[in-house]
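Student: Single-letter residue listing:
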Amino acid sequence: MNKSIEAGNTSKRTFDKGTTRSYQNEKWFVRIALAPILLLFGVFAFLPIAWSLLLSFYDYSPLSNHAVFTGMKNYTLLLQDAVFLKSLWVTFKFVGITVISNIVITLIIASAIYAIRIQWLKNLFRTLFFLPAIAPLAGTAIVWTTILNYDSGLFNVILGQLHIAPVHWLSDPKYALLSVIMMTLWADIGYNIVLFIAGRESIADMYYEAAILDGANRWHLFFFVTLPLLRRTMLFVTITTVISYFQAFPQFQIMTKGEPFNETRVLALNIYDQAFSNSNMGYASAMATIFLIIILIVTLIQFRLGRASWEQ
Amino acid sequence: MQRKSPWLDSIVLVFLIVTAVAMMVPYLWMVVSSFKSNMDIMSGQGSFFPTHPTLEGYFTVFEDAPFVKWMWNSAISAVIITIITLFTSALAGYVFAKHQFKGKRILFVLILATMMIPFQVIMIPTYLITARLGLIDHLAAIILPNLVSSYGVFLAKQFIEDIPQDLLDAARIDGAGELRLMIRIIAPLILPMLSALGIFTFMNAWNNYLWPLIVLNDTDHMTVPLALVYFNGTHVVNYNVVMSAAVLITLPVMIVFLIFQKQFIKGLTMTGMK
Numbered sequence: 001m002n003k004s005i006e007a008g009n010t011s012k013r014t015f016d017k018g019t020t021r022s023y024q025n026e027k028w029f030v031r032i033a034l035a036p037i038l039l040l041f042g043v044f045a046f047l048p049i050a051w052s053l054l055l056s057f058y059d060y061s062p063l064s065n066h067a068v069f070t071g072m073k074n075y076t077l078l079l080q081d082a083v084f085l086k087s088l089w090v091t092f093k094f095v096g097i098t099v100i101s102n103i104v105i106t107l108i109i110a111s112a113i114y115a116i117r118i119q120w121l122k123n124l125f126r127t128l129f130f131l132p133a134i135a136p137l138a139g140t141a142i143v144w145t146t147i148l149n150y151d152s153g154l155f156n157v158i159l160g161q162l163h164i165a166p167v168h169w170l171s172d173p174k175y176a177l178l179s180v181i182m183m184t185l186w187a188d189i190g191y192n193i194v195l196f197i198a199g200r201e202s203i204a205d206m207y208y209e210a211a212i213l214d215g216a217n218r219w220h221l222f223f224f225v226t227l228p229l230l231r232r233t234m235l236f237v238t239i240t241t242v243i244s245y246f247q248a249f250p251q252f253q254i255m256t257k258g259e260p261f262n263e264t265r266v267l268a269l270n271i272y273d274q275a276f277s278n279s280n281m282g283y284a285s286a287m288a289t290i291f292l293i294i295i296l297i298v299t300l301i302q303f304r305l306g307r308a309s310w311e312q
Numbered sequence: 001m002q003r004k005s006p007w008l009d010s011i012v013l014v015f016l017i018v019t020a021v022a023m024m025v026p027y028l029w030m031v032v033s034s035f036k037s038n039m040d041i042m043s044g045q046g047s048f049f050p051t052h053p054t055l056e057g058y059f060t061v062f063e064d065a066p067f068v069k070w071m072w073n074s075a076i077s078a079v080i081i082t083i084i085t086l087f088t089s090a091l092a093g094y095v096f097a098k099h100q101f102k103g104k105r106i107l108f109v110l111i112l113a114t115m116m117i118p119f120q121v122i123m124i125p126t127y128l129i130t131a132r133l134g135l136i137d138h139l140a141a142i143i144l145p146n147l148v149s150s151y152g153v154f155l156a157k158q159f160i161e162d163i164p165q166d167l168l169d170a171a172r173i174d175g176a177g178e179l180r181l182m183i184r185i186i187a188p189l190i191l192p193m194l195s196a197l198g199i200f201t202f203m204n205a206w207n208n209y210l211w212p213l214i215v216l217n218d219t220d221h222m223t224v225p226l227a228l229v230y231f232n233g234t235h236v237v238n239y240n241v242v243m244s245a246a247v248l249i250t251l252p253v254m255i256v257f258l259i260f261q262k263q264f265i266k267g268l269t270m271t272g273m274k
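So the sequences go chain by chain: A and B.
52 is the number that UniProt numbering gives to position 52 of the first sequence; each next residue is one higher, with no gaps.
24 is the number that UniProt numbering gives to position 24 of the second sequence; each next residue is one higher, with no gaps.
It cannot be assumed that every hint is accurate.
As the list claims (entries may be wrong) - Below 25 Å or equal to it, Euclidean Cα-Cα: the simulated SDA-like pairs (lysine to any residue) are: (1) B:K104 x A:N25; (2) B:K266 x A:L79; (3) A:K257 x B:Y27; (4) B:K266 x A:I103; (5) A:K257 x A:L292; (6) A:K122 x B:K262; (7) B:K104 x B:F154; (8) B:K262 x A:S244; (9) A:K27 x B:Q165; (10) A:K257 x B:F119; (11) B:K262 x B:A187; (12) B:K98 x B:Q165; (13) B:K262 x A:A112; (14) B:K69 x B:H52; (15) B:K104 x B:Y151; (16) B:K104 x A:L40; (17) A:K122 x B:Y27; (18) B:K69 x B:Y230; (19) A:K174 x A:L292; (20) A:K93 x A:P260; (21) A:K93 x B:P118; (22) B:K266 x A:V104; (23) A:K174 x A:S152; (24) B:K69 x B:M254; (25) B:K102 x A:F29; (26) B:K98 x A:L34; (27) A:K122 x B:M270; (28) B:K98 x A:A33; (29) A:K27 x B:K104; (30) B:K98 x B:P192; (31) A:K27 x B:R184; (32) B:K102 x B:A113; (33) A:K93 x A:I294; (34) B:K98 x A:S279; (35) B:K98 x B:L167; (36) B:K69 x B:I214; (37) A:K27 x B:L189; (38) A:K257 x B:I214.
Hints are computed from structural coordinates only; laboratory data are not their basis.
One chain only, chain A, in its complex shape (with noise of 0.2 Å):
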């Protein structure tokens, strides 16, 4: 039935004969085409997220492979872990910092790569901002991590230079975390650039030149016709970049794990920490159902405020 109408314009009465028998061949192309991507889907998709809120309800270890059941003793357990519900407020701090420095960073270099107007050159800026997001970030992270040594790290040696005493970037309480911001900034800006390169592109020279006729100069071009226009860019960026922060894993394990005093010990880390260093995979799982809700109340929070500025 839904055959004919989809391909009702262009298949005659004279092909019936064919099309039924076509229509056969495509009910188990279907069936046959979906049901491996299916089958994987389920068991590494779907079948996780139920077994892990099934599983926070648990005391379970790996080790004792005996699951007894808590009910919610997880959760309670959880709302009196110091370590826990500092990792939370790290975690809301290194990606609140984290994504609005990225934003404001990733406008102006965009911005200025697209007021070049040699395109080789144009290019040439986007490839080397580009480029430390390709490179692994454990390989990253252990590069900054000798960068920001305390010995004979790059930093250090330049404020020795100055004449400026050395810092603990990575063990002193009050570094270790802006020191994982800068890297993270470093290995994640291109991302953007290139996205905000393209929502730039995409807004029609027209609005421009009315602003301009309207007597506008540099700065009300950029803050009444570009940034609004930017909107659907800057949402889309938003959320890709909030979710991935907030997921940021490796710089943690490799450059601080987790230290000085718990500083920097995001909630990603915690999970796996708890699940796979102390086997108290019940206890992660609990973190991790907390942590797939606040990431789909931080989603829809920013789908409303986004819909909300478009329709104005």
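Assemble chain B onto chain A, guided by the hints.
Tutor: Chain B only, in chain A's frame:
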């Protein structure tokens, strides 16, 4: 158009040159450190350039660990993941774009929804499933969960929907089967999208750190991101070794990126704009 102002143009250019150079410093540091000798590092003079350039670090990487094996593990798993993901994405995209069946919308929404699930949420059960399948420490543990991509299915569906139905019907009347139709007609038409997805998939597979960290413990079965951490643990002091490994691991992705840059950038903007 905007008024031209040579002053502003040169300020913008200088700003970009300075920031771009600053962006390249960590790479310069990585390469330069990889050529330092132990002496250079131990003496702690902190000179930026090596006083006695040497390949010592690179030799140690190959002598101390099965580095070639790790490269091979990474390459083979990334290639298999990429090829199969492209195939499953195109196939599912075709089915969702051009076929009707019961539960189609629900299934598609479910698949899309998995895009928003952070990996940390599903990693524990995924580990338990992989363990039950007896795949811990096998490359299959890296490959199997990564053969489908919800993002790939979504992209493929968007692009296949734009292919005119007439074209497909004409081929069907000529007697082409569904699979042939997909490979001969649809795949070439969505090639730009497939190549973008392919590069993304390859790089993500090559760079993946968290999942291999969970399922690969045996030194022989590691992939290269784990190798870095291995060297970082065993050569804390001699970071020329660690930096040499970092150079060797970063180089392949850089080369792949520089070759396919155009498709990559196009693919990136495609997702943001669609």
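Student: Give a verdict on every hint.
Tutor: Do the hints match the structure? See the list:
Distance check on the hinted pair: B:K104 and A:N25 sit about 18 Å apart at the alpha-carbon level, within 25 Å; holds. Restraint check for B:K266 and A:L79: the C-alpha separation of about 46 Å exceeds 25 Å, so the hint is violated. The suggested pairing of A:K257 with B:Y27 holds, with an alpha-carbon distance near 23 Å, which does not exceed 25 Å. A distance of roughly 21 Å separates the Cα atoms of B:K266 and A:I103; the hinted pair therefore holds under the 25 Å criterion.
With a C-alpha separation of about 22 Å, the suggested pairing of A:K257 with A:L292 holds against the 25 Å cut-off. Taking the CA atoms of A:K122 and B:K262, the gap is near 13 Å; set against the 25 Å cutoff, the hint holds. Proposed proximity of B:K104 and B:F154 is supported: the alpha carbons are some 13 Å apart, at most 25 Å. Among the hinted pairs, B:K262 with A:S244 is consistent with the structure: their alpha-carbon atoms are about 24 Å apart, no more than 25 Å.
For the hint pairing A:K27 with B:Q165, the CA-to-CA distance comes to about 17 Å; that is within 25 Å, so the pair holds. Taking the CA atoms of A:K257 and B:F119, the gap is about 19 Å. The hint holds against a cut of 25 Å. With a CA separation close to 19 Å, the supplied pair B:K262 and B:A187 stays within the 25 Å bound. Annotation: proposed proximity of B:K98 to B:Q165 holds, straight-line Cα distance about 8 Å (limit 25 Å).
Straight-line distance between C-alpha atoms of B:K262 and A:A112 comes to about 21 Å, which keeps the hinted pair within the 25 Å bound. A C-alpha spacing of about 30 Å is found between B:K69 and B:H52, which places the hinted pair above 25 Å, so the restraint is violated. Restraint check for B:K104 and B:Y151: satisfied, since their Cα atoms lie roughly 17 Å apart, inside the 25 Å limit. Between B:K104 and A:L40, the direct Cα distance comes to roughly 17 Å. Compliance with the 25 Å bound is thereby established for this hinted pair.
Restraint check: the Cα-Cα separation between A:K122 and B:Y27 comes to about 21 Å, which is no more than 25 Å; the hinted pair holds. At most 25 Å may separate the alpha-carbon atoms for a hinted pair to count; B:K69 and B:Y230 meet this at roughly 14 Å. With a CA separation close to 29 Å, the supplied pair A:K174 and A:L292 exceeds the 25 Å bound. Between A:K93 and A:P260 the CA atoms are separated by roughly 16 Å; this keeps the pair inside 25 Å, and the hint holds.
Between A:K93 and B:P118, the direct Cα distance comes to roughly 19 Å. Compliance with the 25 Å bound is thereby established for this hinted pair. Distance check on the hinted pair: B:K266 and A:V104 sit about 23 Å apart at the alpha-carbon level, within 25 Å; holds. With a CA separation close to 20 Å, the supplied pair A:K174 and A:S152 stays within the 25 Å bound. At roughly 20 Å between alpha-carbon atoms, B:K69 and B:M254 fall within 25 Å of each other, so this suggested pair holds.
The straight-line distance between the Cα atoms of B:K102 and A:F29 is roughly 14 Å, inside the 25 Å bound, and the hint therefore holds. Between B:K98 and A:L34 the CA atoms are separated by roughly 13 Å; this keeps the pair inside 25 Å, and the hint holds. For the proposed pair A:K122 and B:M270, the alpha carbon gap of about 19 Å is at most 25 Å, so the pair holds. Under the criterion of a C-alpha separation no larger than 25 Å, the hint pairing B:K98 with A:A33 is consistent with the structure, at around 13 Å.
For the proposed pair A:K27 and B:K104, the alpha carbon gap of about 13 Å is at most 25 Å, so the pair holds. Using a Cα cut-off of 25 Å, the hinted pair B:K98 and B:P192 holds, with the two alpha carbons roughly 20 Å apart. Restraint check: the Cα-Cα separation between A:K27 and B:R184 comes to about 20 Å, which is no more than 25 Å; the hinted pair holds. About 19 Å separates the Cα atoms of B:K102 and B:A113, which keeps this hinted pair within 25 Å; it holds.
Distance hint between A:K93 and A:I294 is fulfilled; the C-alpha atoms sit about 14 Å from each other, no more than 25 Å. The hinted pair formed by B:K98 and A:S279 fails the criterion: a straight-line CA distance of about 46 Å is larger than 25 Å. Restraint check for B:K98 and B:L167: the C-alpha separation of about 12 Å stays at or below 25 Å, so the hint holds. For the proposed pair B:K69 and B:I214, the alpha carbon gap of about 19 Å is at most 25 Å, so the pair holds.
Between A:K27 and B:L189 the alpha-carbon distance is near 24 Å, which keeps this suggested pair within the 25 Å criterion. Using a Cα cut-off of 25 Å, the hinted pair A:K257 and B:I214 holds, with the two alpha carbons roughly 16 Å apart.
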